[in-house]
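> Chains E and Z supply the protein sequences, listed in that same order. For the first sequence, this note's numbering begins at 1 and goes up steadily by one. For the second sequence, this note's numbering begins at 1 and goes up steadily by one.
One or more of the hints may lead you astray.
Said to hold, decoys possible - With a cut-off of at most 27 angstroms between alpha-carbon atoms, the simulated DSS-like pairs for lysine-lysine come out as follows:
1. K117(Z) / K285(E)
2. K139(Z) / K269(E)
3. K269(E) / K75(Z)
4. K285(E) / K98(Z)
5. K269(E) / K239(Z)
6. K285(E) / K7(Z)
7. K7(Z) / K139(Z)
8. K235(Z) / K269(E)
To be verified - Here are a few chain Z residues that sit away from chain E, every Cβ distance over 10 angstroms (derived from the structure):
9. D81
10. S99
11. E146
12. N194
13. D227
Said to hold, decoys possible - Sample of chain Z residues lacking proximity to chain E, with all beta carbon distances greater than 10 angstroms (derived):
14. G39
15. N60
16. G69
17. K92
18. G107
19. R159
20. F233
By construction, these hints were calculated from the structure, which means they are not laboratory data. Here a beta-carbon is modelled for each residue, glycine too, at the ideal position from N, C-alpha and C.
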Amino acid sequence: MLSSAATSITVVLIVFFLFIEGAGVFTKKPIEEGFLLAVHSTNPIQKLEPSQVKDIFDQKITNWKQLGGKNEPIVLFRTEDITEFYSEAELGENFEHFPAKIDEYVSKTPGVIAFFSDKYKAKNFHGKELEINKIKIFEFLSGEEWFPTAQPIAQMGVKALIYGTLWVSFGAILLALPIGLAAAIYLSEIARKRTRNILKPLIELLAGIPSVVYGFFGLVVIVPLIQSVFGLPVGETGLAGSIVLAIMALPTIITISEDAMRTTPRAMKEASLALGASHWQTIYKVTIPYSASGITAGAILGIGRAIGETMAVLMVTGNAAIIPHTLLAPLRTIPATIAAELGEAANGGLHYQSLFALGCILFLITFCINMLVELVTNRGSHKKH
Amino acid sequence: MHKIESKNINFYYGETQALHDVSLSMKENTVTALIGPSGCGKSTYLRLLNRMNDLIDNTNLTGSILIDGQDIYAKNTNVDDLRKNVGMVFQKPNPFPKSIFENVAYGLKVNGITDKKIIEERVITSIEQVALWGEVKDKLKKSAFELSGGQQQRLCIARALAIQPSILLMDEPTSALDPISTSKIEELIYELKNKYTIVIVTHNMQQAGRVSDTTAFFYMGELIEYDKTKTIFTKPSQKQTEDYITGRFG
């Protein structure tokens with residue numbers, strides 16, 4: 001009673017902490033702290049969306065009129081560009097004239113957009129500071145680019161990461177389900193008792209191998225294999241991740257489906273056999289339908305494991321945050337992103353919080369999956385009575 | 001010629017011998033009751049006749065069982081075909097978690113009959129044969145679990161009859177049923193006798209007396225006495241049989 005209360009409280013606290021930190025992403029401006037964006041004082045633009053800023057600096061937007069301003073070509077300016085316009089002597093030995101020169105340059109260039117540090121902002125700055133909108137949840141979820149440390153503006157699109165996660169998991173389950181089901185059928189219906197007593201602990205042992213070892217195995221064996229079989233430039237692909245995850249999900253799928261199949265009442269199997277049905281007919285007409293809910297639960301729990309897996313996937317998928325179009329492309333999953341980037345993200349910063357927001361998304365996905373398991377197993381047990 | 005002929009059967013579960021030198025033959029279109037106290041081997045014997053004991057690991061059989069003159073334990077015997085010819089009804093009603101119709105059609109479908117018309121015909125005939133048609137004709141699509149225990153057992157008999165066996169094995173078919181359902185099943189057995197050779201295991205002396213033509217008394221894995229039912233119940237030749245029938249033990 002006490003321990004279960006303590007467990008529940010801990011879980012609630014962790015989830016609460018996760019969401020509080022994750023929500024921080026949506027309350028901050030996606031510009032690095034201590035930096036600002038400024039335009040010429042006569043420029044009518046007041047506010048820009050993060051994505052617009054990015055397009056400007058990527059030179060996809062080249063004229064202010066595209067943003068509803070004057071017909072004026074956009075001139076990009078970053079702090080380091082100042083040396084193109086002024087000599088080192090003019091800037092001063094210790095860059096003491098930096099603020100004044102930046103101010104001067106911005107004032108005389110009507111189409112400018114300047115990105116520089118707060119400390120170079122002149123006291124009576126003549127330009128106009130731009131306001132940047134906060135990241136919206138929709139943008140966060142649908143954005144296709146993940147450059148959380150990009151300058152001048154961080155790109156927090158997690159679509160590629162969500163896709164990466166789902167692709168790898170889907171591929172894994174596609175591989176693991178038929179193999180797992182076949183193994184479960186063999187163990188519960190065909191293997192002799194002695195064979196089963198040897199094989200089952202071995203399979204359960206698979207679940208106990210540390211995931212980094214699976215990752216290592218994938219890196220050394222599967223990745224080169226994929227590279228040579230498909231003739232790819234690199235073998236670190238979604239497929240490699242799927243294969244490693246499939247191996248990791250197998251013990252879950254096999255043990256749960258096998259347990260479910262073994263609960264098929266003997267009377268049902270005997271009834272089928274006594275009617276002249278063959279062993280195989282009995283397996284797929286009686287045993288599998290009867291244990292369908294258990295098999296589904298095993299498969300979904302297997303997916304759950306695959307979605308949350310970090311280390312092995314991190315090691316073999318190539319970690320390119322792009323939307324994968326085939327399983328033979330590198331991709332990056334949510335857990336791998338969190339593991340790889342959390343160490344580099346400044347505590348409490350935007351990047352840090354965005355990783356927590358990713359954690360929230362992952363939590364919601366696995367939560368839904370577990371709910372699905374509950375639903376399926378409950379419906380299954382209901383049906384049998 | 002006898003329909004079923006077993007000679008010198010010894011049967012072992014691992015180290016334990018369950019049947020000792022049992023020889024027993026049954027004529028076509030008769031009902032044979034197997035009686036005896038629990039653990040005497042009567043169910044084991046019954047399950048040898050459709051090779052149901054094959055499902056149990058680590059068993060061993062010596063002796064021979066012939067059905068229609070064919071050794072059913074010969075190497076070239078197709079077990080699935082044997083079981084089509086030798087239907088079985090179990091102690092507890094065990095319908096599949098399917099509709100009433102699908103339960104009876106199951107045996108036909110697994111035996112490769114795909115013609116819907118034939119399936120429907122046979123299902124209806126079989127359900128009529130067990131006198132269940134009037135009770136279920138409006139709910140063939142409903143789950144078999146909605147039927148009462150007695151109806152379920154009759155459905156299981158219909159399911160066995162649908163594949164047109166010539167022998168019907170019944171393993172205590174009424175032990176889980178109330179007296180009314182029991183008497184319905186007994187009437188049914190009496191009618192089915194004209195078409196099928198029936199072997200029934202029962203714990204109920206009166207039932208054995210009512211439905212069977214011949215009775216075999218098993219004790220401790222041995223066949224003690226086998227004779228016409230009338231003789232067994234009125235003038236048994238063995239003392240053990242008499243003691244059991246009169247209720248002095250068992």
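> Does each hint fit the structure? Answer for all of them.
Hint check:
no.	hint	verdict
1	K117(Z) / K285(E)	holds, 22 angstroms
2	K139(Z) / K269(E)	holds, 25 angstroms
3	K269(E) / K75(Z)	holds, 24 angstroms
4	K285(E) / K98(Z)	holds, 11 angstroms
5	K269(E) / K239(Z)	violated, 40 angstroms
6	K285(E) / K7(Z)	violated, 36 angstroms
7	K7(Z) / K139(Z)	violated, 46 angstroms
8	K235(Z) / K269(E)	violated, 42 angstroms
9	D81	violated, 7 angstroms
10	S99	holds, 13 angstroms
11	E146	holds, 12 angstroms
12	N194	holds, 22 angstroms
13	D227	holds, 29 angstroms
14	G39	holds, 19 angstroms
15	N60	holds, 15 angstroms
16	G69	holds, 20 angstroms
17	K92	violated, 6 angstroms
18	G107	violated, 4 angstroms
19	R159	violated, 7 angstroms
20	F233	holds, 30 angstroms
Hints 5, 6, 7, 8, 9, 17, 18 and 19 from the earlier list are contradicted by this structure; the remaining hints agree with it.
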